[in-house]
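Chemist: With the hints as extra help, turn the sequences into a complete structure.
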Amino acid sequence: MADGSGFNIKPMDQFLVKPLFGGDAVHWYTPTNVTLWMGLAVVAVSLLLVYTTRGRAIIPNRGQSVAELTYGFIYKMVEDVAGRDAVRFFPYIMTLFLFIMFANVLGLIPFAFTPTAHFAVTGVMALAVFISVTALGLILHGTAFLRLFWIDAAPLALRPVLAIIELISYFMRPVSHSIRLAGAMMAGHAVAKVFAGFAGALGVGAVVPIVAMTALYGLELLVALIQAYVFTVLTCVYLKDALHPHH
Amino acid sequence: MNPETGQTVAADQAVGMPQLDFSTFPNQIFWLVVALVAIWLILTRVALPRIGAVLAERRGAITNDIARAEALKLQAEEAGAAYDKALADARAKAQRIIEKTKAEMQEQLDIALQKADAEIAAKTAESERRLAAIRDSASAAVEEVARETARDVLAAFGAKADATTVDAAVASRIKEGAA
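So the sequence lines, in the order shown, correspond to chains A and B. Residue numbers for the first sequence follow my numbering, so the first one is 1 and each next one is one higher. Residue numbers for the second sequence follow my numbering, so the first one is 1 and each next one is one higher.
Honestly, the hints are just simulated from the structure, not real lab data. Please note: incorrect hints may appear among the correct ones.
[To be verified] Derived pair list, reagent style EDC-like, types lysine to aspartate or glutamate, alpha-carbon separation capped at 20 Å: (1) B/LYS175 / B/ASP136; (2) A/LYS10 / A/ASP80; (3) B/LYS115 / B/GLU104; (4) A/LYS76 / B/GLU57; (5) A/LYS240 / A/GLU68; (6) A/LYS10 / B/ASP21.
Modeler: What follows is the structure in structure tokens.
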């Protein structure tokens, strides 16, 4: 298959972190494609929530409606999933959601770079959620927060076993939280790249992979939005555990 | 050509997953933190307060409008009630006027009828009086004619008779005839 020149698909190259202005060294401060696409996400957030609402209209135009719907969607989700007293964390959750959503969606542009396909990015976000939620639970409830692992509904003999399982599952949260998002992004983009490579190599027969790509892009758009939603919902669920450990 | 791979140098980078190239982690994490802080600042300083204010303002406007609509509805109901009352009053007044007018007309009619009755009665009496007078004069004429005739008959037979006796006899005969 891979004869070197004609059929050379490198599906993982799109995830390379490269300096924007030449050179090879990637220091912590180097402006890279990560910087560019995260910056574009910030710009997109500003466009969606600031530029569209500049009229502050009582009767919103289209753009403002979208901004208000996004606001209302996440606000209601925080309220419904994590409870009314979680509303004070709404700005943080909104930040996470908007960043992930725009990073995902912008990453679908051909030749784009997807920051959320990197474990470094999703891992830091998941760890930030995990640490702050755990700290919040301990600050709010002290040792009573640990009752989260002590299932009162189970028979006494089973409780220590369950506690160990619960504890493990608790510490696995940031892992699954981050790998789910980065994995979904990475897989989708890699598959898209492979199909695109086929299209380049097949000549007239490229119609098939192009049709497949079109369908895949629809799916990927859905995945991009759903993964942003899932990450945010899970954050709310963890937040609920910290605020109300007794269910 | 792939523009993404075109500029990169190392072929070894494409071997494994770029996600596991730990040398790029500090860079990614640094820019991630910058991006998240930027978004957080944009949201908390500008976007969220603005959208929240707009939503609150809209809720307030809607609540106000509903309250105003209810007040207007109440006013309309009051106006409707006032209208109904005015209508009922007008009807009652009209009824009164009709009754009063009817009574007045009846009164006038009664007066006119009485007057007419009196006139009729007066005329009847007058007529009767005149009839009686005519009848009296007629019977007087009959008496006169009878007396004259009696005197002429007596004269024709050559009998002499006292005028008073003849008159008495005629009168008694007329009385008998009338009786």
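Chemist: Now tell me, hint by hint, if it's right for this structure.
Modeler: Verification of the supplied hints:
For the proposed pair B/LYS175 and B/ASP136, the alpha carbon gap of about 14 Å is at most 20 Å, so the pair holds. At most 20 Å may separate the alpha-carbon atoms for a hinted pair to count; A/LYS10 and A/ASP80 exceed this at roughly 44 Å. Proposed proximity of B/LYS115 and B/GLU104 is supported: the alpha carbons are some 16 Å apart, at most 20 Å. For the hint linking A/LYS76 to B/GLU57, the alpha-carbon distance of about 18 Å falls within 20 Å, and the restraint holds.
For the given pair, A/LYS240 sits about 24 Å from A/GLU68 by alpha-carbon distance, which is inconsistent with the 20 Å threshold. Note on A/LYS10 and B/ASP21: the hinted pairing holds, with a Cα-Cα distance of about 16 Å set against a maximum of 20 Å.
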